[in-house]
Amino acid sequence: MNILIAIGGKEYSKPTLDLGMKIANAFEATTTIAYVGKRISQFSEKDVSVVHQNLDSRELYRPGVRTLEWAYDFLESKKYIKKDKSIAFNDHLLIDEENSRMRVLLKGSHSNKIDLILRTGEIIDQLRSEVATSNHDITIIGGGGNKGMHHKLVQFIDSSVMVVKNYSVNKQYKILLPVNNSTGSNKAIQIAEKFAKSKKLPVEIITVLENKSSDEKLRIILEKTEQRFTNAGIKNTATILEGNPVKTVVKYAKDDSLVMLGVSPKNPFLKYFFGSKPISIAQQCNCPVLIAK
Amino acid sequence: MLSFLDLLNKFGPMNESYKIISSSMLYWFSQKKWFVFSVLLAIFLLSLSTPVGLTLAGYHSLIILLMVFTLVTFEPIPFPAIALLTLVLQVLLGVAPPDVVAESFMNDAVLFVMGSLMFAIAIVHQGLDIRLAKIIIKIFGKSKKLFLAGLMTISAILSSFLGEHTIIAIMLPIGLSVIKNIDTKQTDGRNAVLLTLFSVGYGTIIGSIGTPSGGARNVIMINYLQEFSNINIDYWEWMKHAYPILIMQLVVAYFVLQFAFPTTLKNIQIKRYKKKISKSTTRDNINHLFSSIIILLIVISWFLFNEELGLGIIALCGALIFMICGMVSWEVINKNTNWGVILLFAATISLGFQINETGASSWLVTKFNALLALMPESSFNISWSFMAILTGLTANFFTSSATISLLGPMAIELQPSDISFALSAAIASGFSFLTVISSPTAMIIYSTGLVSTKTFFKVGVLMFTSSIAILYLMSKFYWVTL
Numbered sequence: 001m002n003i004l005i006a007i008g009g010k011e012y013s014k015p016t017l018d019l020g021m022k023i024a025n026a027f028e029a030t031t032t033i034a035y036v037g038k039r040i041s042q043f044s045e046k047d048v049s050v051v052h053q054n055l056d057s058r059e060l061y062r063p064g065v066r067t068l069e070w071a072y073d074f075l076e077s078k079k080y081i082k083k084d085k086s087i088a089f090n091d092h093l094l095i096d097e098e099n100s101r102m103r104v105l106l107k108g109s110h111s112n113k114i115d116l117i118l119r120t121g122e123i124i125d126q127l128r129s130e131v132a133t134s135n136h137d138i139t140i141i142g143g144g145g146n147k148g149m150h151h152k153l154v155q156f157i158d159s160s161v162m163v164v165k166n167y168s169v170n171k172q173y174k175i176l177l178p179v180n181n182s183t184g185s186n187k188a189i190q191i192a193e194k195f196a197k198s199k200k201l202p203v204e205i206i207t208v209l210e211n212k213s214s215d216e217k218l219r220i221i222l223e224k225t226e227q228r229f230t231n232a233g234i235k236n237t238a239t240i241l242e243g244n245p246v247k248t249v250v251k252y253a254k255d256d257s258l259v260m261l262g263v264s265p266k267n268p269f270l271k272y273f274f275g276s277k278p279i280s281i282a283q284q285c286n287c288p289v290l291i292a293k
Numbered sequence: 294m295l296s297f298l299d300l301l302n303k304f305g306p307m308n309e310s311y312k313i314i315s316s317s318m319l320y321w322f323s324q325k326k327w328f329v330f331s332v333l334l335a336i337f338l339l340s341l342s343t344p345v346g347l348t349l350a351g352y353h354s355l356i357i358l359l360m361v362f363t364l365v366t367f368e369p370i371p372f373p374a375i376a377l378l379t380l381v382l383q384v385l386l387g388v389a390p391p392d393v394v395a396e397s398f399m400n401d402a403v404l405f406v407m408g409s410l411m412f413a414i415a416i417v418h419q420g421l422d423i424r425l426a427k428i429i430i431k432i433f434g435k436s437k438k439l440f441l442a443g444l445m446t447i448s449a450i451l452s453s454f455l456g457e458h459t460i461i462a463i464m465l466p467i468g469l470s471v472i473k474n475i476d477t478k479q480t481d482g483r484n485a486v487l488l489t490l491f492s493v494g495y496g497t498i499i500g501s502i503g504t505p506s507g508g509a510r511n512v513i514m515i516n517y518l519q520e521f522s523n524i525n526i527d528y529w530e531w532m533k534h535a536y537p538i539l540i541m542q543l544v545v546a547y548f549v550l551q552f553a554f555p556t557t558l559k560n561i562q563i564k565r566y567k568k569k570i571s572k573s574t575t576r577d578n579i580n581h582l583f584s585s586i587i588i589l590l591i592v593i594s595w596f597l598f599n600e601e602l603g604l605g606i607i608a609l610c611g612a613l614i615f616m617i618c619g620m621v622s623w624e625v626i627n628k629n630t631n632w633g634v635i636l637l638f639a640a641t642i643s644l645g646f647q648i649n650e651t652g653a654s655s656w657l658v659t660k661f662n663a664l665l666a667l668m669p670e671s672s673f674n675i676s677w678s679f680m681a682i683l684t685g686l687t688a689n690f691f692t693s694s695a696t697i698s699l700l701g702p703m704a705i706e707l708q709p710s711d712i713s714f715a716l717s718a719a720i721a722s723g724f725s726f727l728t729v730i731s732s733p734t735a736m737i738i739y740s741t742g743l744v745s746t747k748t749f750f751k752v753g754v755l756m757f758t759s760s761i762a763i764l765y766l767m768s769k770f771y772w773v774t775l
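So the sequence lines, in the order shown, correspond to chains A and B.
Letter 129 of the first sequence, counting from 1, is numbered 129 in my numbering, and no numbers are missing.
Quick note, my numbering runs 293 ahead of the 1-based positions in the second sequence.
Among the hints, a few may not be true.
Covered stretches of chain B (in silico footprint by chain A; criterion: 3 or more residues with CB under 8 Å from a CB of chain A, positions within the stretch not fixed) [to be verified]: (1) 443-452; (2) 497-509; (3) 552-566; (4) 591-602; (5) 740-749; (6) 758-770.
What follows is a list of derived Cβ distance ranges for each label pair [claimed, not checked]: (7) Phe750/B x Asp255/A: 43 to 53 Å; (8) Arg66/A x Phe750/B: 22 to 32 Å; (9) Glu76/A x Lys325/B: 36 to 46 Å; (10) Asp96/A x Ser340/B: 41 to 51 Å; (11) Ser340/B x Leu93/A: 38 to 48 Å; (12) Leu590/B x Lys147/A: 52 to 62 Å; (13) Asp96/A x Lys572/B: 22 to 32 Å.
Residues from chain A that face chain B, not an exhaustive set, calculated with beta carbons under 10 Å [as the list claims (entries may be wrong)]: (14) Gly37; (15) Asn54; (16) Leu55; (17) Leu60; (18) Arg62; (19) Tyr173; (20) Glu223; (21) Gln227; (22) Asn231.
These aren't lab readings, by the way, just hints derived from the structure by calculation.
Bear in mind that the values here come from a model prediction, so they are computed numbers and not experimental data.
Glycine is no exception: its CB is placed at the ideal position from the N, C-alpha and C atoms.
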């Protein structure tokens with residue numbers, strides 16, 4: 001499994017990194033930490049590139065490198081990766097791999113499955129390209145951006161997307177798993193099961209009935225999911241709720257919830273212009289939300 | 294009854310290929326919406342009847358101009374694509390025949406853009422920043438304030454001859470070296486960092502107005518003046534007009550920056566930097582000596598032979614000598630030259646020529662003059678202010694050289710026999726103090742991650758307004774004495 005963690009400024013990226021690495025460890029996944037630098041106008045992109053090369057040769061690292069160094073130190077301090085004295089960030093090599101993508105290579109042997117990537121450009125475009133390049137299964141990003149950005153991420157990135165909002169490193173979390181009859185929901189159930197098992201987290205399984213013909217199907221899915229988690233030895237509760245799915249899930253989710261739900265099977269054109277239930281939930285919940293694809 | 298939304302949802306659950314195709318289409322649309330907008334706008338304008346007094350070819354050239362403005366501002370497609378589109382549309386819409394378009398595509402201004410970009414890469418590749426830092430510390434190193442003033446002055450002088458993209462690449466490492474490890478969480482430290490970066494940045498931006506080789510826009514305007522008004526401005530003539538403005542702007546910039554970023558400068562590390570750069574190898578010394586000789590030769594040639602050889606050919610000679618001497622490889626130049634920008638300038642200059650040839654610029658100026666006739670104020674003051682502020686502001690959102698290549702013909706048309714309008718337009722377009730997209734220098738300073746767009750704009754407003762005021766006073770009272 002491949003996980004992509006997108007980071008920005010140092011102050012806001014700690015929770016994203018922490019939760020991202022917990023998920024990566026749970027799945028024993030290869031992790032890419034990507035810093036996406038500011039978009040440079042086409043007029044100046046070569047000039048900026050020349051200046052950055054010049055700065056690198058004078059050991060005046062470009063801004064993203066310093067952020068990646070901080071991220072690497074943070075992961076070491078939190079013991080997400082093994083400390084290796086032979087690895088020094090000051091000895092890094094910047095490998096220009098393709099347009100606007102650079103890999104930071106640290107000298108010395110290290111067995112951690114961590115890639116450090118520096119990208120420049122428009123964030124959705126760069127993350128989409130990164131996911132396409134390395135086939136990431138989950139993209140994890142901080143919740144600081146605008147709501148439109150989260151919508152575009154879910155719509156255009158070809159991986160599950162987690163928006164990390166209001167996450168505290170020290171808080172005890174439980175997974176909130178709204179289920180339905182979509183393919184995305186099955187994927188969300190798989191991710192939640194593995195993560196809950198690895199981190200020993202309790203799971204609240206819910207389904208929201210809307211007074212439709214599919215209500216009976218949802219009851220069955222809820223029961224089956226409850227059975228699945230019980231069989232896996234995961235502490236869980238199963239609840240049937242009624243009403244508008246978005247409002248009900250948002251109201252039910254608390255600050256200590258990690259919401260995991262499936263992507264909407266809706267027509268992409270409708271999703272683009274009118275949004276979808278999972279996108280609205282991710283925008284309105286004040287806690288981390290994973291939308292599985 | 295089924296609503297439209299329900300009907301659309303009836304298509305679901307959709308098969309995978311439909312999802313992929315529709316998602317790709319939506320993504321293309323979300324990324325290219327400004328391209329779609331500009332095409333729709335052009336189609337709408339083409340469907341209207343030609344305005345009275347304007348030829349069909351002139352009308353079409355203005356529609357292409359509008360498209361280019363939208364596409365360059367929002368960058369939905371790559372610059373080379375915009376350049377090719379400009380050329381193709383000129384022929385398809387009957388603005389000019391293919392041979393005429395091809396002819397206007399290449400001239401000395403385009404050669405200058407190409408030569409100066411390649412020459413810049415060759416110079417930056419020589420590592421002259423260390424040598425320059427030593428000189429600046431030696432002359433201005435007595436106090437930190439003096440050092441920053443020196444950094445700004447040297448940046449301005451060098452940028453006036455070698456262009457801002459060359460000098461910012463050389464001077465920025467010096468600036469960043471002395472502010473390395475400063476704690477920017479404290480106001481004093483943050484202001485010291487900003488003062489240093491802005492000193493380098495403003496010095497470089499201000500310098501670019503000083504001589505024709507300071508920026509491509511200057512050469513483009515000189516070319517337009519020669520073509521449209523038969524007026525020749527040589528290197529020295531330009532300097533006589535522009536250099537006093539440069540000096541006044543430097544003084545204003547010094548005080549504006551002191552006011553905007555008050556700091557004790559205690560964290561600036563000149564001594565440590567001096568120690569770090571004290572050692573140099575014989576190989577470096579020889580390399581620096583040869584580089585300096587080549588640069589000096591090129592600058593002298595610009596002074597002495599610009600009329601016979603053209604500024605572009607001389608700039609190309611600079612890159613050529615560096616390559617022949619083996620001081621820079623073609624691979625390095627090829628990798629770092631922005632070919633897209635060269636193509637775009639060539640295409641916009643070609644469009645600029647057609648806007649003039651088809652009479653579109655005269656039509657615009659006639660309309661503008663009709664508006665001026667309604668004003669009680671002297672028409673010179675109003676049309677000068679309008680033109681200078683318009684080119685200055687447009688350049689801040691559209692970049693300076695492209696602005697001049699498209700608006701230059703109109704600035705000349707306003708007062709064809711008076712060079713003060715053309716010069717003012719070219720110089721005002723160099724006042725890229727407001728936005729970070731306005732010039733390579735601004736973008737490079739911004740790309741360090743230490744300067745926000747808000748800070749850039751706040752300080753820039755002061756510099757922009759005072760620069761326009763200086764330009765007005767100089768054109769009104771000093772240029773008439775020349």
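Structure-based check of each hint:
1. 443-452: Per the Cβ count (0), the hint is violated.
2. 497-509: violated (count 0)
3. 552-566: violated (count 0)
4. 591-602: violated (count 0)
5. 740-749: It holds: at least three residues are needed, and the stretch 740-749 of chain B offers 4 whose Cβ sits within less than 8 Å of chain A.
6. 758-770: Violated: only 0 residues of the stretch 758-770 of chain B have a Cβ under 8 Å from chain A.
7. Phe750/B x Asp255/A: 43 to 53 Å: 37 Å, violated
8. Arg66/A x Phe750/B: 22 to 32 Å: Since Arg66/A and Phe750/B have Cβ atoms about 25 Å apart, the given range 22 to 32 Å holds.
9. Glu76/A x Lys325/B: 36 to 46 Å: 43 Å, holds
10. Asp96/A x Ser340/B: 41 to 51 Å: 47 Å, holds
11. Ser340/B x Leu93/A: 38 to 48 Å: Given range 38 to 48 Å: violated, Cβ gap about 57 Å.
12. Leu590/B x Lys147/A: 52 to 62 Å: For Leu590/B and Lys147/A the Cβ distance comes to about 58 Å; the hint holds.
13. Asp96/A x Lys572/B: 22 to 32 Å: Holds - the Cβ-Cβ distance for Asp96/A and Lys572/B, about 29 Å, lies within 22 to 32 Å.
14. Gly37: With a minimum Cβ separation of about 7 Å from chain B (threshold 10 Å), the hint on Gly37/A holds.
15. Asn54: Since the shortest Cβ distance to chain B is 6 Å, the answer is holds.
16. Leu55: Where the cut-off is 10 Å and the nearest Cβ of chain B is about 6 Å from Leu55/A, the hint holds.
17. Leu60: OK, holds: Leu60/A within 10 Å of chain B, min 5 Å.
18. Arg62: 8 Å, holds
19. Tyr173: 31 Å, violated
20. Glu223: Where the cut-off is 10 Å and the nearest Cβ of chain B is about 23 Å from Glu223/A, the hint is violated.
21. Gln227: 25 Å, violated
22. Asn231: With a minimum Cβ separation of about 28 Å from chain B (threshold 10 Å), the hint on Asn231/A is violated.
Hint compliance for this structure: hints 1, 2, 3, 4, 6, 7, 11, 19, 20, 21, 22 are broken, all remaining hints hold.
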